[in-house]
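**Q** Going down the list, the protein sequences come from chains L and Y. The first sequence begins at 1 in my numbering and counts up by one. The second sequence begins at 1001 in my numbering and counts up by one.
Each hint should be verified, as a subset may be incorrect.
Far from chain L, some chain Y residues (derived; all Cβ distances over 12 Å) [claimed, not checked]:
1. Glu1017
2. Leu1032
3. Gln1033
4. Lys1100
Each pair of labels, with its calculated beta carbon distance range [unchecked claim]:
5. Y/Pro1008 <-> L/Val88: 19 to 25 Å
6. Y/Glu1005 <-> L/Gln57: 20 to 26 Å
7. L/Ser98 <-> Y/Val1055: 19 to 25 Å
8. Y/Ile1108 <-> L/Asn28: 30 to 36 Å
9. L/Pro39 <-> Y/Val1055: 28 to 34 Å
10. L/Thr20 <-> Y/Asp1067: 43 to 49 Å
11. L/Asp56 <-> Y/Leu1058: 44 to 50 Å
12. Y/Gly1052 <-> L/Met19: 30 to 36 Å
13. Y/Ser1027 <-> L/Pro39: 22 to 28 Å
14. L/Ser18 <-> Y/Gly1052: 44 to 50 Å
The set of hints was computed from the structure by calculation and includes no laboratory data. Glycine included, every Cβ here is placed at the ideal spot set by N, Cα and C.
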Amino acid sequence: NAGVTQTPKFQVLKTGQSMTLQCAQDMNHEYMSWYRQDPGMGLRLIHYSVGAGITDQGEVPNGYNVSRSTTEDFPLRLLSAAPSQTSVYFCASSYQGSSYNEQFFGPGTRLTVL
Amino acid sequence: TQLLEQSPQFLSIQEGENLTVYCNSSSVFSSLQWYRQEPGEGPVLLVTVVTGGEVKKLKRLTFQFGDARKDSSLHITAAQPGDTGLYLCAGHVGGTSYGKLTFGQGTILTVHP
Chain L
1 NAGVTQTPKF QVLKTGQSMT LQCAQDMNHE YMSWYRQDPG MGLRLIHYSV
51 GAGITDQGEV PNGYNVSRST TEDFPLRLLS AAPSQTSVYF CASSYQGSSY
101 NEQFFGPGTR LTVL
Chain Y
1001 TQLLEQSPQF LSIQEGENLT VYCNSSSVFS SLQWYRQEPG EGPVLLVTVV
1051 TGGEVKKLKR LTFQFGDARK DSSLHITAAQ PGDTGLYLCA GHVGGTSYGK
1101 LTFGQGTILT VHP
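If we strip away everything but chain L, and leave its shape as in the complex, we get (with noise of 0.2 Å):
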């Protein structure tokens, strides 16, 4: 099993250019979820869906929309990229029948917006 895959791995915009970071998971999980890592402040959640054609937002949602038309993807779009979404961006997956929603990341992609 390849586990949670993440294209690309880097990715560098100019302001106002728009992109999907992709995401898939080969482990049957329901839950999907997108993070960010920014420097200091942890990991924090843009949205995520408890399963195909369900989806909802996370603590920063703003600037990023997201659908899930099917259990394996979960792709993540910028309509519009800010310098302020400069960050890395983590997709994870988990298994609905844990009782702690343990997350299973896959390995990244960092975005720099000039």
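Chain Y: place on chain L using the hints.
**A** For chain Y alone, kept in the frame of chain L given last:
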């Protein structure tokens, strides 16, 4: 808003030394998770503690959940260079289908040979 404060933020020690990382909150959590993250990779779950006062051991790592389930600690005995990384604690509040996690800021540990 629930907050988790980790201390220290940075820890630089020599191989063989012992260390403790703390994770504190004013909120009660149903469980507390510890993750380790290496450079260029995503966090990996080390352990989940769920009962107040619980102690779990993972080789040289000892994890404890506070009696009131508001705090936790990670103790490493005889640290090795392979322990180097970012350690994150995360609190989980149950009761909903998707229990959001609150992450601490992290502790960057460097173990020098």
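**Q** If a hint holds in the structure, say so; if it doesn't, say that too.
**A** Hint check:
Interface exclusion of Y/Glu1017 from chain L stands, the closest Cβ pair being 24 Å apart, more than 12 Å. With 12 Å as the threshold on Cβ separation, the claim that Y/Leu1032 sits away from chain L is violated: the shortest Cβ distance comes to roughly 9 Å. Distance check for Y/Gln1033 against chain L: the nearest CB is about 6 Å away, which does not clear 12 Å, and the non-interface claim fails. With a least beta-carbon separation of about 6 Å from chain L, Y/Lys1100 fails to lie farther than 12 Å from that chain, contradicting its non-interface assignment.
Our hint of 19 to 25 Å for Y/Pro1008 and L/Val88 holds, since their Cβ atoms are close to 22 Å apart. Separation of Y/Glu1005 from L/Gln57 is about 25 Å and conforms to the stated range, judged on CB atoms against 20 to 26 Å. For L/Ser98 paired with Y/Val1055, a C-beta distance near 21 Å keeps the hint of 19 to 25 Å intact. Look at Y/Ile1108 against L/Asn28: about 34 Å separates their beta carbons, and that is inside 30 to 36 Å.
For L/Pro39 paired with Y/Val1055, a C-beta distance near 31 Å keeps the hint of 28 to 34 Å intact. Checked against the hint of 43 to 49 Å, the pair L/Thr20 and Y/Asp1067 passes, with Cβ atoms roughly 46 Å apart. Take L/Asp56 and Y/Leu1058: their Cβ atoms lie about 33 Å apart, and the range 44 to 50 Å is violated. The hint said 30 to 36 Å for the Cβ distance between Y/Gly1052 and L/Met19, and at roughly 45 Å that hint is violated.
Checked against the hint of 22 to 28 Å, the pair Y/Ser1027 and L/Pro39 passes, with Cβ atoms roughly 24 Å apart. At about 47 Å, the beta-carbon gap between L/Ser18 and Y/Gly1052 stays in the expected band of 44 to 50 Å.
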